[in-house]
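Put together the whole structure using the sequences plus the hints.
Heads up: the protein sequence lines correspond to chains A and B, in order. If you count by the working numbering, then the first sequence holds residues 1 to 370, one letter each, in order. If you count by the working numbering, then the second sequence holds residues 1 to 370, one letter each, in order.
Just so you know, not all the hints are guaranteed correct.
[What the hints assert, rightly or not] Derived CB-CB ranges, DEER-like: (1) R260/A with I332/B: 41 to 47 Å; (2) P365/B with P114/A: 31 to 37 Å; (3) A73/A with G60/B: 42 to 48 Å; (4) K49/A with I332/B: 51 to 57 Å.
[To be verified] Computed from the model, here is a short list of chain B residues facing chain A with C-beta under 8 Å: (5) Y252; (6) S283; (7) V290; (8) S352.
Please keep in mind that the hints were generated in silico from the structure rather than gathered at the bench. On a predicted model such as this, the values are computed, not experimentally measured, just so you know. From the three backbone atoms N, C-alpha and C, an ideal C-beta is built for every residue, glycine too.
For reference, the chains in residue letters:
Number of protein chains: 2
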Amino acid sequence: MHDVIYNNCFFHDQSQIKRRNYVWRMAMKGGNRPDNSYSVELDKIFNPKNIAIVGVSSAGFGFGSGILLSLLAIGYKGKIYAVNKNGGEFFGFKLYKSVQDIPSEIDFAIISVPAELVPASLEACRLKGAAGAEILSAGFRETGTAEGAKLEQEIKDISRKGIRVIGPNCFGIYCPKSGLTLLPGPDLSREEGPVAFLSQSGGMAIDLAHIGKWMGIRFSKVVSFGNGADLRETELLEYLQHDPDTQVICMYIEGVEDGRRFFETLKKVAATKPVIVYKGGLSVSGHRAVESHTASMGGNRIIWESALRQSNAIQVNDMYDMAHTALGFSLIPPGKYSGVAVTGGGGALGVSSCDLAERFGLILPELEMA
Amino acid sequence: MHDVIYNNCFFHDQSQIKRRNYVWRMAMKGGNRPDNSYSVELDKIFNPKNIAIVGVSSAGFGFGSGILLSLLAIGYKGKIYAVNKNGGEFFGFKLYKSVQDIPSEIDFAIISVPAELVPASLEACRLKGAAGAEILSAGFRETGTAEGAKLEQEIKDISRKGIRVIGPNCFGIYCPKSGLTLLPGPDLSREEGPVAFLSQSGGMAIDLAHIGKWMGIRFSKVVSFGNGADLRETELLEYLQHDPDTQVICMYIEGVEDGRRFFETLKKVAATKPVIVYKGGLSVSGHRAVESHTASMGGNRIIWESALRQSNAIQVNDMYDMAHTALGFSLIPPGKYSGVAVTGGGGALGVSSCDLAERFGLILPELEMA
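Encoded structure:
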């Protein structure tokens, strides 16, 4: 049945596919990477030579210990420094009592300490030279409390002083090339590929990464950015436009920070690479759920759908739609396609595939006898 | 993601669900089984004490040997007689040179010999007292040849003399209660349950049976009836109406033999049990595919959809829709449902579930603080 669903989900609408192939071909022709400090910073974040993990429980509990074990399991080859205020040891790693105690500069930090300790940890990582940090801890703006909002503002303020932040309230970065992985992703694939995924949700990020593993989607980068106190949809999208390892961009969005800037960026990026968008929270109750999840505004369905269409983005309605669409764009050579043929080993599967293809506007020409 | 898809597929349309629960409750109240010879025959077919398999290759090739091994694997406890015109032995079974040589009466026959030998084998089984036979062999009306049509007519003629036929060009019967299984179904579940599936396609039959196994759907009977020379959608549907083991009926239909009779029966049965229909071949190309698959007429989409709606059947658009809908009806207690609550361990999964529920007309009331 998967071939059928594949057809179903990939070919949303024929006119869209034609437009899409057109812009996609443009993307293949090239576009050089602009050499700016922003992309240099992010390159360092996605390919860190060494990492500090702040908040590693010597008892093996918690996100910090989990991400350390996940990095080892997926085969990250750089140096890892683990920090716990009580010191000690975990899994053969010395636990430094503070970031300051780490005996070298660091490229990237993974922070997993209680929310109220995050700002100080982040500042310490900045002083250690980290280009960026992913903050796995929750307890910020999404709580709806004044204390949470204040702590998130502190993160923003420190970030502006010179460290890029992924999160807080996120699962972090999966990058098969460098061996970075999401929080519960010890078993993700190390095979690289053309698909990037920017997700406001950690759950969606890990789900697509896992679905992709068995479905054959290969990733360049998956970023769960959670509350998005610093880096979020727009900046990351802009980075991916110029990322030579990324050819297809997927996004799960609950709410954007600056609608106008996001749509201008989306229009620009979607003119060079396919951008597949799954927008959550467009229903009344979904909207309520979004508020308590990432504290975003869900938005109005009609405005969102119109704006996505005008941006030439491809809108999908669930995670499997997104997976199949991304797989399609990552496998099928660029070109204009106006028909489709169905072959297979089962009669009814052929019937279903034909029915589905036509429902989505694809023409199946009748084959002629030789 | 499966919970989400489950919501998606089960609740097609709120008014339909309400109607459905109403008739479903009627079904629960009862309806006695009519004691007629037709249902006695079919009871014997679904629960045979002994089976003849005609066409068992001693080399282990072919459908006959496959179904014998499948019956052993699934744990069919009755007596099996294997027939091969050359005699010999297979897997510890003596191969009788003809059906006539079998030293007892038989309840049910599984026929898997070349098409031109099928009529004689069927007649021999009839003379051995078999209530019915499933004919796995292909090479009949679906070939589009005069020879194929003639052979299928011979099957019909013999059947009218007193043996009920499932097939030809089918995968046969799966009945967990008695240990009958489809052709490639040695690993299907022996757990019984309330869902029956009548399928013109063998591939769809085995797919739903397998999907059901991991998804938690339990079956009363699955029948792949292929070309349907004798028993097909209408007769089998009528039988299931009175089958006490069946509470939910699924159907995959490529074409019906007698449209008026089918829809009258469907209306009658759907007034007592939920009937979920997946109609293949409603597109132009799907229609062509149907012709070469089971030699049926695909039919017109608008007429089919209107007639199904008028019959109070539940139309689904693919095999997973069917699986989720059947699972829903087999698990959720009868009643009128006007709202739904979403609980779960992931933020974005909650958002998606809310969005999906609303897309299908379900209301998610806002929870009040205690």
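To see whether the hints hold, each was checked on the structure:
| no. | hint | result |
| --- | --- | --- |
| 1 | R260/A with I332/B: 41 to 47 Å | 45 Å, holds |
| 2 | P365/B with P114/A: 31 to 37 Å | 35 Å, holds |
| 3 | A73/A with G60/B: 42 to 48 Å | 44 Å, holds |
| 4 | K49/A with I332/B: 51 to 57 Å | 55 Å, holds |
| 5 | Y252 | 7 Å, holds |
| 6 | S283 | 4 Å, holds |
| 7 | V290 | 5 Å, holds |
| 8 | S352 | 6 Å, holds |
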